[in-house]
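Participant: Sequence:
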Amino acid sequence: MMMREQIEEKLRAAFEPVFLEVVDESYRHNVPAGSESHFKVVLVSDKFTGERFLNRHRMIYGTLTEEFASTVHALALHTYTRKEWEGLQDTVITSPPCRGAGTIA
0 MMMREQIEEK LRAAFEPVFL EVVDESYRHN VPAGSESHFK VVLVSDKFTG ERFLNRHRMI
60 YGTLTEEFAS TVHALALHTY TRKEWEGLQD TVITSPPCRG AGTIA
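The letter at position 84 of the sequence shown is residue 83 when you use numbering that gives the first Met the number 0, and the numbering goes up by one with no holes.
Misleading hints may appear alongside valid ones.
Each computed DSSO-like pair below joins lysine-lysine, with the alpha-carbon atoms no more than 27 Å apart [claimed, not checked]:
(1) Lys9 - Lys46
(2) Lys9 - Lys82
(3) Lys46 - Lys82
(4) Lys9 - Lys39
(5) Lys39 - Lys82
Just the calculated beta-carbon pair ranges, DEER-fashion [what the hints assert, rightly or not]:
(6) Met1 - Arg51: 25 to 33 Å
(7) Met1 - Gly49: 27 to 35 Å
(8) Ser69 - Gly49: 28 to 36 Å
Worth flagging that the hints you see were computed from the coordinates, not collected in a lab.
Even glycine gets a Cβ: it sits at the ideal position worked out from N, Cα and C.
Turn these sequences into a full structure, and let the hints guide you.
Facilitator: As structure tokens, then:
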């Protein structure tokens, strides 16, 4: 199973999302070709209601402990309640470029 699929499966089970998108952004970073190390996660869940952003991120990191222990280096997290998501009109901020953009030969 690809790391993106593994992350998606765990987040679906833990958060019962209204919307979930997991994007492998490793190609945008200075990593060897084929690396699965940098991801963007857009997660909309009622389980975030009443939770501050820091705690939402902690909840996700706790869910993905094994992935961080293996190949995942970074997550760009966009976490929303259903109400917050509706207010955004389904738009998500684009991840910034990596400071060391490119790939290792």
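Participant: For every hint, state whether the structure bears it out.
Facilitator: Hint check results:
no. : hint                      : result
1   : Lys9 - Lys46              : holds (15 Å)
2   : Lys9 - Lys82              : holds (23 Å)
3   : Lys46 - Lys82             : holds (12 Å)
4   : Lys9 - Lys39              : holds (15 Å)
5   : Lys39 - Lys82             : holds (21 Å)
6   : Met1 - Arg51: 25 to 33 Å  : holds (31 Å)
7   : Met1 - Gly49: 27 to 35 Å  : holds (33 Å)
8   : Ser69 - Gly49: 28 to 36 Å : holds (32 Å)
In terms of the numbered hints stated before, the structure departs from none.
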